[in-house]
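Residue numbers (our numbering), protein chains in the order written: chain V, 1 to 367; chain Z, 1001 to 1367.
Be careful, since some hints might not be right.
[Said to hold, decoys possible] Below, in silico cross-link-like pairs of lysine-lysine (DSSO-like), each with a Cα-Cα straight-line distance of 27 angstroms or less: (1) V:Lys214 x V:Lys21; (2) V:Lys297 x V:Lys315; (3) Z:Lys1297 x Z:Lys1351; (4) V:Lys297 x Z:Lys1021; (5) Z:Lys1021 x Z:Lys1297; (6) Z:Lys1028 x Z:Lys1214; (7) Z:Lys1315 x V:Lys21; (8) Z:Lys1315 x Z:Lys1297; (9) V:Lys297 x V:Lys69; (10) V:Lys214 x Z:Lys1367; (11) V:Lys69 x Z:Lys1351; (12) V:Lys69 x Z:Lys1021; (13) Z:Lys1297 x V:Lys21; (14) V:Lys69 x V:Lys315; (15) Z:Lys1214 x V:Lys315; (16) V:Lys297 x V:Lys351; (17) V:Lys214 x Z:Lys1315; (18) Z:Lys1214 x V:Lys297; (19) V:Lys315 x Z:Lys1021; (20) Z:Lys1351 x Z:Lys1069; (21) Z:Lys1069 x V:Lys21; (22) Z:Lys1297 x V:Lys214.
[To be verified] With beta-carbon atoms standing in for the labels, derived distance ranges: (23) Z:Arg1302 x V:Arg134: 56 to 64 angstroms; (24) V:Leu138 x Z:Arg1317: 40 to 48 angstroms; (25) Z:Gln1191 x V:Glu97: 48 to 56 angstroms; (26) V:Ser57 x Z:Gly1219: 34 to 42 angstroms; (27) Z:Gly1219 x V:Ala241: 31 to 39 angstroms; (28) Z:Pro1109 x V:Tyr326: 54 to 62 angstroms.
[As the list claims (entries may be wrong)] If you only want the chain Z side, here are some residues facing chain V, beta carbon under 8 angstroms, derived: (29) Gln1175; (30) Gly1183; (31) Gly1203; (32) Leu1229.
Read the hints as simulated data drawn from the structure, not as lab findings. Glycine residues also receive a C-beta, built at the ideal position from the N, C-alpha and C atoms.
2 protein chains.
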Amino acid sequence: MRAATRPVVNHRGAGFRELYKQVTAQLKGVFQTQGEVMLITGSGTAAMEAAVVNLVSPGEKVLVLVGGKFGERWGQIARAYGAEVIEWHYDWRQGAEPEELARRLAADPDIVAVFATHNESSTGVMNDIEGLSRARELSGQRHRALLIVDSVSALGGAPLPMDAWGVDAVVTGSQKCLMVPPGLSFVALGQAALDRLERVTTGRYYLDLRAYRKAAAAGESPYTPAVTLVFALEEALAMLAEEGLENSFARHRLMRDMVRAGIRALGLPLWTGERWASPTVTAVEGAPGLEVEPFRKLVRERFGVELAGGQGEMKGRVFRIGHMGYAGPFDMIAALAAIEQGLAASGFPVKLGAGIAAAQEVWAQWK
Amino acid sequence: MRAATRPVVNHRGAGFRELYKQVTAQLKGVFQTQGEVMLITGSGTAAMEAAVVNLVSPGEKVLVLVGGKFGERWGQIARAYGAEVIEWHYDWRQGAEPEELARRLAADPDIVAVFATHNESSTGVMNDIEGLSRARELSGQRHRALLIVDSVSALGGAPLPMDAWGVDAVVTGSQKCLMVPPGLSFVALGQAALDRLERVTTGRYYLDLRAYRKAAAAGESPYTPAVTLVFALEEALAMLAEEGLENSFARHRLMRDMVRAGIRALGLPLWTGERWASPTVTAVEGAPGLEVEPFRKLVRERFGVELAGGQGEMKGRVFRIGHMGYAGPFDMIAALAAIEQGLAASGFPVKLGAGIAAAQEVWAQWK
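Can you build the whole structure from these sequences, using the hints too?
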């Protein structure tokens, strides 16, 4: 946070230009792409919208994978800009099956883009992006659809090697695994997406990535960027580089496994199974004798810990434990302790320490 | 700046909701409106675009006042979203004459919106927004066109009482007179604009002010806001309240008058005359024997002071002295000192101290 307190400098000056070029280059490493990464001053939704308005023209057909609130958002944005949107609603407890994507694409050559959610933070389900990308290879021929991925709540905490997996565009936000305060978001584009950028006819201005691309060549953004957040980004990228991407992925997997073992030991149902379990957020269901919303309130008021609630349709059905970015194994133990205290105070049968011990076992056996 | 270092909190929590409501209410005081003020995470251009996409439907006719780079931007945005744009190019050394606006509106009842720039920071010209607003009263009847004003580089530093002047929409950014780091911008809408919001057909999502309005009722923004910048905004609004709006306006006028007296004493030409002189930024021309760009470079390298250059068409024709937000009279003396040192080092005939003394005279006689 201290990095955000440096005096605001002239964002057109040489010093800031150097910094801007440096963070852009480092971000390519995080996205694992040789493509281009654009910084937008705005929330993750702004970056999602940038992907839509720059990669899809009005009237074009797109397939949107909907397994939760953020999948729904892709559809809302695409419809707002006149795309013909086909929504594929899959089970919210699971990810989208690549085989099903292959079937849908084979049946519809007109689809120009597939919009997917890497980590559906409303459900704690992580999609198989590698599988979904490969599913575009149909009987030896590649379907033309671009794969455009929302990784707002995962990039940096879970693998998404864009180029290696053949993903065309990835968007993320500053405040999740990238450990920067909210206010910046990012769009990474591979070559096929960069080509499309120039041909798409959707009206756009603030989010017109052609302007970002042109300005980036001079180390600038087209409009005044959130300068103090770029300073914070510099620091966060240095921290991520020091830890190493692979180590960050491993830390997130460890936290997932600790939380899930702890929750299981406490007898609460996990929203999703092992196959789709997210390394950055875990959703837990209520149980007979445990209403989610009163439980969250009690934990907040009595123990000062804010358990995230369900979003949209999930409200009242789950509480969620975020484990991304700055979080570490001790944070998981603290979260489980708060849950145990809350269960006891709610009169739910619980053996204090049981969840924590199970999490500790996972940690002890880790690697 | 310290305010921006508080730990990032849950932006859906009760504490942040209270803060969000509080700063929104205080902003109404700064805009001097009973309408609504929406906070957008994005640069001033995002707020300009929000005004366009929420207040004009494709195919509708708008009149854009162009007296510099930011007037041009209104036209670019409106065209990007399919409006029929009529550009009124007036002399870049002056503001737009209200009588001419009255003539243009009388001749064209189809115009639905007039886009104006309060303070054209590329030229240091401030428009007569009160006069332009009144110019819509034609022979006792009010022309239906909304008046939509970009006050990114003036609001808080120069009067713009929205309701009293009958202005329908005003946009501004966080980093100018509001003294917050860049990354937030604001749109204030009066009742006529709020009504139009619901009828406009332009496709929009991240900048759809209907969503901001709905979320604001619960003290929230529809998408994750730049939380640390909202903390900084709270502090800046407290500072502005302590100084008082009228005192802030007077301080900015004093700085303008000091700079202009100093520049005149040094024999350099001011870009605009007294009538249109901006209280927040002053543009100065080169002179025989003084090329603007080499002069700026010398002042930056030898004396460590960054004089802003011209933007767009103005590049190489002027340098600019910003005097907004945190700036005070001593900053104007420092700027004039740097200019005097630079002139002497450039071999331009200058009596060291002459500009500063003239500025001091203005200060001594102030009030």
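A quick look at each hint next to the structure:
1. The hinted pair formed by Lys214 of chain V and Lys21 of chain V meets the criterion: a straight-line CA distance of about 13 angstroms does not exceed 27 angstroms.
2. The straight-line distance between the Cα atoms of Lys297 of chain V and Lys315 of chain V is roughly 13 angstroms, inside the 27 angstroms bound, and the hint therefore holds.
3. For the suggested pair Lys1297 of chain Z and Lys1351 of chain Z, the alpha carbons sit about 21 angstroms apart, so the restraint of at most 27 angstroms is met.
4. For the suggested pair Lys297 of chain V and Lys1021 of chain Z, the alpha carbons sit about 22 angstroms apart, so the restraint of at most 27 angstroms is met.
5. For the hint linking Lys1021 of chain Z to Lys1297 of chain Z, the alpha-carbon distance of about 45 angstroms lies beyond 27 angstroms, and the restraint is violated.
6. As the CA atoms of Lys1028 of chain Z and Lys1214 of chain Z are separated by approximately 17 angstroms, the hinted pair is consistent with the 27 angstroms bound.
7. Distance check on the hinted pair: Lys1315 of chain Z and Lys21 of chain V sit about 24 angstroms apart at the alpha-carbon level, within 27 angstroms; holds.
8. Distance check on the hinted pair: Lys1315 of chain Z and Lys1297 of chain Z sit about 13 angstroms apart at the alpha-carbon level, within 27 angstroms; holds.
9. As the CA atoms of Lys297 of chain V and Lys69 of chain V are separated by approximately 23 angstroms, the hinted pair is consistent with the 27 angstroms bound.
10. A hinted pair counts as satisfied when its Cα atoms are at most 27 angstroms apart, and Lys214 of chain V with Lys1367 of chain Z does not qualify at roughly 49 angstroms.
11. Only pairs whose Cα atoms come within 27 angstroms are accepted, and Lys69 of chain V paired with Lys1351 of chain Z is rejected, the gap being roughly 68 angstroms.
12. Between the alpha carbons of Lys69 of chain V and Lys1021 of chain Z the distance comes to roughly 26 angstroms, so the proposed pair stays at or under 27 angstroms and holds.
13. Taken as a hint, the Lys1297 of chain Z and Lys21 of chain V pair is honoured in the structure, with Cα atoms around 22 angstroms apart against an allowance of 27 angstroms.
14. Distance restraint check for Lys69 of chain V and Lys315 of chain V: the Cα-Cα separation of roughly 11 angstroms lies within the 27 angstroms cut-off, and the hinted pair is therefore satisfied.
15. Only pairs whose Cα atoms come within 27 angstroms are accepted, and Lys1214 of chain Z paired with Lys315 of chain V is accepted, the gap being roughly 19 angstroms.
16. Distance check on the hinted pair: Lys297 of chain V and Lys351 of chain V sit about 21 angstroms apart at the alpha-carbon level, within 27 angstroms; holds.
17. About 19 angstroms separates the Cα atoms of Lys214 of chain V and Lys1315 of chain Z, which keeps this hinted pair within 27 angstroms; it holds.
18. Among the hinted pairs, Lys1214 of chain Z with Lys297 of chain V is consistent with the structure: their alpha-carbon atoms are about 24 angstroms apart, no more than 27 angstroms.
19. Between Lys315 of chain V and Lys1021 of chain Z the CA atoms are separated by roughly 24 angstroms; this keeps the pair inside 27 angstroms, and the hint holds.
20. For the suggested pair Lys1351 of chain Z and Lys1069 of chain Z, the alpha carbons sit about 34 angstroms apart, so the restraint of at most 27 angstroms is broken.
21. Taking the CA atoms of Lys1069 of chain Z and Lys21 of chain V, the gap is about 26 angstroms. The hint holds against a cut of 27 angstroms.
22. With a C-alpha separation of about 24 angstroms, the suggested pairing of Lys1297 of chain Z with Lys214 of chain V holds against the 27 angstroms cut-off.
23. Checked against the hint of 56 to 64 angstroms, the pair Arg1302 of chain Z and Arg134 of chain V passes, with Cβ atoms roughly 60 angstroms apart.
24. Look at Leu138 of chain V against Arg1317 of chain Z: about 59 angstroms separates their beta carbons, and that is not inside 40 to 48 angstroms.
25. For Gln1191 of chain Z and Glu97 of chain V, the Cβ-Cβ distance of about 51 angstroms falls inside the hinted range of 48 to 56 angstroms, so the restraint holds.
26. Between Ser57 of chain V and Gly1219 of chain Z, the C-beta spacing of about 38 angstroms keeps the proposed range 34 to 42 angstroms intact.
27. A hinted range of 31 to 39 angstroms holds for the C-beta pair Gly1219 of chain Z and Ala241 of chain V, which are about 38 angstroms apart.
28. Roughly 59 angstroms separates the CB atoms of Pro1109 of chain Z and Tyr326 of chain V, a value that falls within the hinted 54 to 62 angstroms.
29. Nearest Cβ of chain V to the Cβ of Gln1175 of chain Z: about 7 angstroms, under the 8 angstroms cut. The hint holds.
30. The beta carbon of Gly1183 of chain Z is positioned within 8 angstroms of a beta carbon in chain V (closest approach about 3 angstroms), and the interface hint is therefore held.
31. The criterion of a C-beta within 8 angstroms of any C-beta in chain V is met by Gly1203 of chain Z, whose closest approach is roughly 5 angstroms, and the hint holds.
32. The beta carbon of Leu1229 of chain Z is positioned within 8 angstroms of a beta carbon in chain V (closest approach about 6 angstroms), and the interface hint is therefore held.
The structure fails hints 5, 10, 11, 20 and 24 (numbered hints given earlier, in ascending order).
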